[in-house]
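> Build out the structure end to end from the sequences listed, making use of the hints.
Protein chains: 2
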Amino acid sequence: MADKYKPMQAADVAQWDAEVGVLVVGFGGAGAAAAIEACDQGCSVMLVEAASAAGGSTALSSAELYLGGGTRIQKALGYNDTVDAMYDYLMASNGPQACPEKTRAYCEQSADHFDWLEAQGVPFKESEYPHRAMMALTDDCLLYTGSEKAWPYVQLAAPAPRGHNLKVEGDNGGPLFMSVMEQAVRVRGIEVRFEARVLRLIVDSSEDDPVICGAVIRQDMREQMIRARQGVVLCCGGFVMNQAMLKQYAPELMKATVPIGNPNDNGAGIQMGLSVGAAVINMHEGFVSLPYYPPATLTYGILVNAQGQRFINEDAYHGRVGAAVLKQSGGPVYLVMRVEDYDGYETQSYLDAPIAGTGETLEELAAELDLPEGQLERCLETYNRFASEGRDPLFHKSADWLEPIVGPVVAIDCTPGRGAFFPYFTLGGLDTTVDGQVKNAAGTVIRGLFAAGRTACGVPRRGDGYASGTSVADASWSGRLAGRSVAVNERRSSSE
Amino acid sequence: MADKYKPMQAADVAQWDAEVGVLVVGFGGAGAAAAIEACDQGCSVMLVEAASAAGGSTALSSAELYLGGGTRIQKALGYNDTVDAMYDYLMASNGPQACPEKTRAYCEQSADHFDWLEAQGVPFKESEYPHRAMMALTDDCLLYTGSEKAWPYVQLAAPAPRGHNLKVEGDNGGPLFMSVMEQAVRVRGIEVRFEARVLRLIVDSSEDDPVICGAVIRQDMREQMIRARQGVVLCCGGFVMNQAMLKQYAPELMKATVPIGNPNDNGAGIQMGLSVGAAVINMHEGFVSLPYYPPATLTYGILVNAQGQRFINEDAYHGRVGAAVLKQSGGPVYLVMRVEDYDGYETQSYLDAPIAGTGETLEELAAELDLPEGQLERCLETYNRFASEGRDPLFHKSADWLEPIVGPVVAIDCTPGRGAFFPYFTLGGLDTTVDGQVKNAAGTVIRGLFAAGRTACGVPRRGDGYASGTSVADASWSGRLAGRSVAVNERRSSSE
Chain X
4 MADKYKPMQA ADVAQWDAEV GVLVVGFGGA GAAAAIEACD QGCSVMLVEA
54 ASAAGGSTAL SSAELYLGGG TRIQKALGYN DTVDAMYDYL MASNGPQACP
104 EKTRAYCEQS ADHFDWLEAQ GVPFKESEYP HRAMMALTDD CLLYTGSEKA
154 WPYVQLAAPA PRGHNLKVEG DNGGPLFMSV MEQAVRVRGI EVRFEARVLR
204 LIVDSSEDDP VICGAVIRQD MREQMIRARQ GVVLCCGGFV MNQAMLKQYA
254 PELMKATVPI GNPNDNGAGI QMGLSVGAAV INMHEGFVSL PYYPPATLTY
304 GILVNAQGQR FINEDAYHGR VGAAVLKQSG GPVYLVMRVE DYDGYETQSY
354 LDAPIAGTGE TLEELAAELD LPEGQLERCL ETYNRFASEG RDPLFHKSAD
404 WLEPIVGPVV AIDCTPGRGA FFPYFTLGGL DTTVDGQVKN AAGTVIRGLF
454 AAGRTACGVP RRGDGYASGT SVADASWSGR LAGRSVAVNE RRSSSE
Chain C
4 MADKYKPMQA ADVAQWDAEV GVLVVGFGGA GAAAAIEACD QGCSVMLVEA
54 ASAAGGSTAL SSAELYLGGG TRIQKALGYN DTVDAMYDYL MASNGPQACP
104 EKTRAYCEQS ADHFDWLEAQ GVPFKESEYP HRAMMALTDD CLLYTGSEKA
154 WPYVQLAAPA PRGHNLKVEG DNGGPLFMSV MEQAVRVRGI EVRFEARVLR
204 LIVDSSEDDP VICGAVIRQD MREQMIRARQ GVVLCCGGFV MNQAMLKQYA
254 PELMKATVPI GNPNDNGAGI QMGLSVGAAV INMHEGFVSL PYYPPATLTY
304 GILVNAQGQR FINEDAYHGR VGAAVLKQSG GPVYLVMRVE DYDGYETQSY
354 LDAPIAGTGE TLEELAAELD LPEGQLERCL ETYNRFASEG RDPLFHKSAD
404 WLEPIVGPVV AIDCTPGRGA FFPYFTLGGL DTTVDGQVKN AAGTVIRGLF
454 AAGRTACGVP RRGDGYASGT SVADASWSGR LAGRSVAVNE RRSSSE
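Same order as they appear, the protein sequences are chains X and C. Our numbering puts the last residue of the first sequence at 499; the count rises by one with no breaks. Our numbering puts the last residue of the second sequence at 499; the count rises by one with no breaks.
Since no wrong hints were added, every one of them can be taken at face value.
Note that identical chains are pooled: a pair holds if it fits in a single copy or bridges any two copies.
Think about it this way: if two alpha-carbon atoms lie no more than 27 angstroms apart in a straight line, the pair counts; the simulated DSSO-like pairs of lysine-lysine are:
hint, residue 1, residue 2
1, Lys330, Lys250
2, Lys9, Lys250
3, Lys170, Lys78
4, Lys250, Lys7
5, Lys152, Lys78
6, Lys330, Lys258
7, Lys128, Lys170
8, Lys78, Lys128
9, Lys250, Lys442
10, Lys170, Lys152
11, Lys152, Lys330
Keep in mind that the hints were calculated from the coordinates and are not lab data. Keep in mind it's a predicted model, so treat the numbers as computed, not measured.
See the structure below:
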């Protein structure tokens, strides 16, 4: 990385090519929400996007939205979720990295945010998807997308389904979500520029504290100076597509195999923040998944590490399980199950893990696996003995998923690097206030600079505590806050 | 944290109170080495220290030095250590965070660095301390201070003892090391100012790329402007004493119980770097220890987690074991051993862990511990069966430390937060080049700014791969590199 994000000084701008109130960088879920809110507050807004179309990584996702505390759908379906229960769950699952202020605000505003999304036109059906799945492939709405019902969280917070799936068949939530958001941008007449890449921020250093007052963009093979009187909102994704930044900040995350995002999740927004003194936090953390369900029946299986020991309750969320797999000390990781529970794996699974062994009996299977002698048998003897009593005193897997594992049996190879699909993305970013102002290392806000979505470090902060839908919900919610925040920012005098 | 480290502009300095070639901040091991080297290169040097005396955290340590690749002592005692073996070990133990360039240079220059330390007057005896211990309490020199002989490293790099203990009885290496270093500073006539706290860097922004050209210090209740023509070297420790920074950057590390360092390990150097655009890396990482030996006989015991499962080879270095303890999923952690191996624990141990249970038989002990029924018995049955064959196929503990564990037995409670001593310190810091120049996020060096010791992110980068002596050796070595580097830095014109 050369110093290519070094900011330009406003004094060096010979001529401004355009002037707006607010410049929003990135037309994914966060940028769309920021632009809409800033516009609704009366600002003139320009939205620039490096790609040829709107979408960002939000459009690539399932666009489940992790919302609760009593959304319209939760209430309609009889779930009595509360702000406190949602807060307790997110605080517990984000562990020591949790930001109490952001989490509190997110939970308190969650039901309202749902209403706002509906008001934009995002469609939801008043129905539930009651299965254990990574996402609903029907048009049903409400489902569990985290570890709410799994130990230890089930003991720490009252569980409720908080994943809100869009009313669309198949894994098509992301494109639909972004088409609705794009339409909401369009009807407001917000100026949108595609194939416009932001190169550098522009800083006015004439005052004691520098102010971000615009950006240099490249469009039509020409650099253009965009003046933003109220500020710039960086909504340009995380850094999972930037190998150098991954190596610098999150090398352990690279044990996972497939970066998830769009090519512009290259860390440019984070780098531009850093170039003007912003602080970055939680940069080592990321979401990692072992997507072993569907079919949900694989949850009846057990995961064992190189010692032939279990290490997690297998009914936890796939991201929690993926993070646990990566924390094992090396050697193989197998998912062992009855052949009848394996049914559906080859047609329904996203995992792509190869078969490691099979057997009419446990002993036959054990002979095919690379585990210390007798360990798998002992592990299963213990598991089965307790499972037949409907309990798992080791890892507290729910009785719903406990059944003795007896032959014929099969093991699939979940060892990182041996074929299993381990998608990942980053959870670190610019340190921001709850309302989206970017902070420097001392905690002071950088005037005129805002960030949302995965350019900022938001509500979700730990791979082992992640829940599906927190990224799109946090991105759209934090985008709105940043949009409102920049809208009330001091209007700086326009250039002549 | 207010924005108290915000740099001062050189243009705002009404009058310089002093002018030197090089300003070194912090008189611990790194700062002393930097000052000595810069002086030996012909620079005028001022060394400022916030405390009333020299020492820093180096003086609080045992000052073991992790050096190898064929030091004088290694050779004299017949150890055929090589640069490659040392490099392989450090690269493996620092895992994905390892910096190949720094590690290579450290290993290549390691034997020379030992000679340099001897030349300064640091005394070493040509002898070996052959026991498993955290430090030599005799005046013997060479000992194993990492996990070189433990799995998996023993398979990845040829082991050699690389801890070099000073020739002094008791745990007195740190004070002796720093008294020698202070003497080496004194004989050179280097100007030293104690009770002089650096408040802010001073930046000359008159050129295109700002240059660090001095610092504001507070001494004698007065702010003084110190001009440094060639640069400022930050050697002011890590941030383990700064609760706000720990919470911001390394919240998980706070599961450990006792921060190790001196009160000025408050992150000021890192904050000053950040204030001028420096990048920080590896900020979440730290050293953590479960100091369960001496007595070495506790190594015959086994550590079990809340599932009654082992999770590490207990012959690994205490820091590796401590890191593994903190990674367990919660619940108790016990160290279980024969009563005869427990002998000496109460008189020799630093651990302070309470007894969790005792028993004439394993069953009696198990009844006293909070573990799932039958798990401890099963774990010990497996362990003992293999131990009696001299092997540990689960975690590959060396046969030297394998003995069946039979009654009478005792368990000590190593659960974090229940009394056991878990010291910790930080391993993240300013991103620097091998020769100590501070880099910004884009990798460009910040002119006139250097860092060494724990203010920088150096060679040791992972708690679970740490070896005693890497901090003091890295601090003194990186201090020297930074001192040589600032010495050849462009001499900027003096103020009038």
